[in-house]
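Participant: Below are the chains, spelled out letter by letter.
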Amino acid sequence: MKKLGSAIFSRLVIIIPYAWLLFFFLIPFFIVFRISLSTTAIAQPPYEPAFAWSDGLSGVWQKMGQFSFDNFVWLTEDALYFNAYMSSLWIAGVSTLVTLLIGYPIAYGMAQAPRTLRPTLLMLVILPFWTSFLIRVYAWIAILKPEGLLNQFLMNIGVIDQPLIIMNTNWAIYIGIVYSYLPFMILPLYSALEKMDNTLIEAAQDLGCPQITAFWKVTFPLSIPGIIAGCMLVFIPAVGEFVIPDLLGGSQTLMIGKTLWNEFNANRDWPVSAAVATILLLILVVPIVFFQNAQAKAEEQGR
Amino acid sequence: MNTWSRFNIASVVLGFSFLYLPIVLLVVFSFNESKLVTVWAGFSTKWYVSLFHNQGLMDAAWVTIRVALISATAATALGTMAALALTRYTRFRGRLLFSGMVYAPLVMPEVITGLSLLLLFVAIGFDRGFVTVMLAHITFSMCFVTVVVQSRLLSFDRSVEEAALDLGATPVRTFLEVTLPIIAPAVLSGWMLALTLSLDDLVISSFTSGPGATTLPMKIYSQVRLGVTPEINAACTLLIGFVAIGVIIASVMTKRREVQRQRDEQAAFAGR
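Same order as they appear, the protein sequences are chains A and B. For the first sequence, this note's numbering gives the first residue as 1, with consecutive numbering after it. For the second sequence, this note's numbering gives the first residue as 1001, with consecutive numbering after it.
Extracted from the complex, chain B is given alone in its bound form (with noise of 0.2 angstroms):
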């Protein structure tokens, strides 16, 4: 049992090194005294300071973020609608194409869906640029937050809800009041699934957009052609870092609102 057992931890730890050695060695070089990111010639923060002097880098960032805050939000609405359609109402018509249509964009490749995307654009005659982008984001990351948020509406104890029905609530009120608040870390998860995918997009987005309108992994794919850089990797840094204070945050959130709920729920057993 023994040799089993020490196998298993040699892979997880091999795994994850494998993981995070690209990552956490981006990220060192990004610190390089040097132009060149493989030859360590003390440490610097220079490539910080020219990063933030970059005008076009910069632009592309608000761009960016923009279009992520906005995406991500509207993905998450419309993600929640498709995942209570699939997991409460279970019988309307043509659900096997809805169903259908929500799992098929994950796995769908980039460059197909970026492609019709843009076609379809042409065809109604609409100008690429901003709203595009935004469109062809809300589209593809809805998507993943309808998978999150479907994983927990189905775990959940549905006798809640039909509790609150039975007591008169309307079902607006029963989805503000009993649903959403114990569907809320999912739903707070798809929301931050869909906007790092937003964050990350190349290829839908190169496909969808139009002058004035560049995102920021646009700007480092047509620099990294030209040559990789200290510069790049201090911007990849930064948003990685981003990220993580993001994903960190979050769970801290989910974490404390866990033991809130169970104080709540001593407190009003005591009280009876």
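So that you can see chain A by itself, here it is in the shape it has in the complex (with noise of 0.2 angstroms):
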């Protein structure tokens, strides 16, 4: 009876949240490569599908043939949105590296710091975190625009006397991106480097080894899983970022999130969004499955 219960038990804790994310998160992945298939017509929704789920699997097996690649074709005939992706990809990858270098010396900071300090420290990473995304954005405007904080500050300590352009343009953008991400890299940042065995360093010391090597040769690799859990968790959400380009890089800058929302709300072509949504995916596949082993081993070793 108990060993039934067992059972019972162990299969819904595993059963529910598995068939949930089945549900989901996996089969409308699928549903967005059938659509990225179909042709758009006018009509609600407004697309013409590729094949029915109730044609069987013979059904589709037949229609495989009918399958249009168009809106992929489309996709490498207009040459905006290769653009789009290549400077979506360039504005995270720089992005991340600006992150990485900021968020470093600020997470060695903290992991150096007084072990009673530190529970502190961590919280005040964790408390922008908590507010709205959104929010933190928005707050960028005010400081950027031409009249905003940052140029009246430097006009009037006389560092400039022309108001800088940085609103609607990339440099706001990797101002979002890095202001918005930094807890995300700071986070597994500090948690490698917390774990760390000071005395390591102190041995590396002792046997004449300079600061700076010493940082290099041992400090430095053994960060490095979490250098690239940070890197990943700020790189492939950045590709796809939509609020940032929107409301601080103005109707210049082109990333495919943004594409992507404009393809879908403005020009309500369903079919090509889908595409577009395909194609990010592909191209993130990789940097996911990396993130992922990553989790994995971090999971490994906390058992």
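FYI, nobody ran anything at the bench for these hints, they're computed from the structure. Quick caveat, the model's predicted, so the values are computed rather than measured. Just so you know, even glycine gets a beta-carbon here, dropped at the ideal spot from N, CA and C. Among the hints, a few may not be true.
Said to hold, decoys possible - Here are the simulated lysine-lysine pairs, DSBU-like style, with alpha carbons at most 35 angstroms apart:
1. Lys-195/A / Lys-1255/B
2. Lys-1255/B / Lys-297/A
3. Lys-297/A / Lys-217/A
4. Lys-297/A / Lys-195/A
5. Lys-1046/B / Lys-1035/B
6. Lys-195/A / Lys-217/A
To be verified - Computed from the model, here is a short list of chain A residues facing chain B with C-beta under 7 angstroms:
7. Ile-16
8. Pro-17
9. Pro-28
10. Phe-29
11. Ile-31
12. Val-32
13. Gln-112
14. Leu-124
15. Phe-133
16. Trp-140
17. Ile-236
18. Gly-240
19. Leu-281
Starting from two chains that each stand alone, build the complex the way the hints lay out.
Facilitator: And the structure:
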């Protein structure tokens, strides 16, 4: 009886979340793919299905020949999409690097702080994370505007006499991404650096290793898992970022998240936006798998 | 050694000013007399008053709070189950796929999640509105709960659970009376995280929402596109205030529990 109860309990604990994620996370991707193969129609919903599930397997097989790859061809023909993908990858890559360069000294400083101070510092990193993403991006508009607080400040202290144009340029996007994603970089770096055994550094120094060399030879290699996790947590969502380029970057900027949003909401072209999403997903599959392996490894070590 | 630690202090202080300055400025200018959010013209709370007379914003706030409370609770239940599945039942068919589906939503760009959920709801002919936003929020926030709870489950002493099972407790009872009290702080912080993620979300809500289910971030977003006003600053300040109070209460509660637990342990030792 107890054995049976145990079996039912463990089954349920696995099956319920499994089924939920299958239905609401995995299956939707197949639907996106299916719609990316269909053609646009003036209807509700505005597309002509490539195949219906009711056709059965043989029906689907028959219609395979009629699949329309037009949307994907369209994406390769229009330079807009290619440029949007490339500039998204570039912007996300540069922002990730800058976030790492800013986040590392902060995480390192936190890990070196007195033990009693560390929980407070950790709390202070997490706290902005609890405030709305939208609000944090919004806060930068008032700062970066031509007549905004940054320009007022710089002109008052006499560094510049013409306001800097930052708002509605890629600079504003870089600032927005670095600012919004900084906690995601600091947290994994901190947890990697904090676990580190300080006696290793002391041993290196006792043996005559200069401080900088000790950092590069001991501290840095040991923090690499944290660096990988942090970079993936910043890079992958930043590639598809919509809010930051939309609010800070203005109409000039080209990022794929924004292109997808416009294709869907303004042009109401569902099949093309599904195709845009499919390709974005394919681009991100490699970094996502990389991230999952790092997570699974961390989980193994924790056990 | 001294210069190095000075460098550490400087980087921490500079980093934290970078993280906090924009939020502080936003809060300060919500009390500005002038309509401009960049020129200080004296202290005033008039934007808070006008905020409460903005019916559209108030309706959106109510929708947001309901969605957040329901979806955070459901996400916590599902996420805790997923965490148990990943840590306690390490061998089952399709575990690799399962852990993949748990970790992928953490980094998945929101436009993809939003679009795919919308197309799912259209494909099954489900009318978009309050319920669809809720289902979408449960889906993406449950994975964050899983990660938080999982890290707690991995670090605790399993022998306590095994002892309970050996002494004849059923798995359900063991979970409710042994495991759950130990992981409760993690479950609570998972719930809080799910709540704030839901309160925050703009992109996924915009895709999955329908008529009559406009959330506060959607409302704020459409107003921000028209221009920056102190009224939005006031709305943001209130949101920040609510979250800060929630986080402080939660941390005080965990601390008090911790102290209580230590006292109980001492009492138990003294009694022996």
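Participant: Next, verify each hint and record whether it holds.
Facilitator: Tested hints:
In summary, the hint linking Lys-195/A to Lys-1255/B is supported, as the alpha carbons are separated by about 23 angstroms, within the 35 angstroms threshold. The straight-line distance between the Cα atoms of Lys-1255/B and Lys-297/A is roughly 31 angstroms, inside the 35 angstroms bound, and the hint therefore holds. Of the supplied pair hints, the one linking Lys-297/A and Lys-217/A holds, its CA atoms being roughly 23 angstroms apart against a limit of 35 angstroms. With a C-alpha separation of about 16 angstroms, the suggested pair Lys-297/A and Lys-195/A falls inside the 35 angstroms cut-off, and the hint holds.
Between Lys-1046/B and Lys-1035/B the alpha-carbon distance is near 10 angstroms, which keeps this suggested pair within the 35 angstroms criterion. Distance restraint check for Lys-195/A and Lys-217/A: the Cα-Cα separation of roughly 17 angstroms lies within the 35 angstroms cut-off, and the hinted pair is therefore satisfied. Contact between Ile-16/A and chain B, as hinted, is supported at the beta carbon level, the nearest pair being about 6 angstroms apart and thus within 7 angstroms. A cut of 7 angstroms between beta carbons decides the hint on Pro-17/A: the least distance to chain B is about 4 angstroms, and the hint holds.
With a cut of 7 angstroms, the hint placing Pro-28/A at the interface with chain B holds, because the nearest CB-to-CB distance is about 4 angstroms. The beta carbon of Phe-29/A is positioned within 7 angstroms of a beta carbon in chain B (closest approach about 6 angstroms), and the interface hint is therefore held. Contact between Ile-31/A and chain B, as hinted, is supported at the beta carbon level, the nearest pair being about 5 angstroms apart and thus within 7 angstroms. Among the interface hints, the one on Val-32/A holds; its C-beta lies about 5 angstroms from the nearest C-beta in chain B, closer than the 7 angstroms criterion.
Among the interface hints, the one on Gln-112/A holds; its C-beta lies about 5 angstroms from the nearest C-beta in chain B, closer than the 7 angstroms criterion. For Leu-124/A, the suggested interface contact is upheld, since its CB lies about 6 angstroms from the closest CB of chain B, less than 7 angstroms. Below 7 angstroms, beta-carbon pairs count as interface contacts, and Phe-133/A has one with chain B at about 5 angstroms; its hint therefore holds. Annotation: Trp-140/A was flagged as interfacial toward chain B, and the flag holds, the nearest CB pair being 6 angstroms apart, inside 7 angstroms.
Checking Ile-236/A against chain B: minimum C-beta separation of about 4 angstroms stays under 7 angstroms; hint holds. The restraint placing Gly-240/A at the interface with chain B holds, with a minimum CB-CB distance near 2 angstroms, inside the 7 angstroms limit. Satisfaction of the interface hint for Leu-281/A is found here, the shortest Cβ-Cβ separation to chain B being roughly 6 angstroms, below the 7 angstroms cut-off.
Violation of the numbered hints given earlier is absent; every hint is satisfied by the structure.
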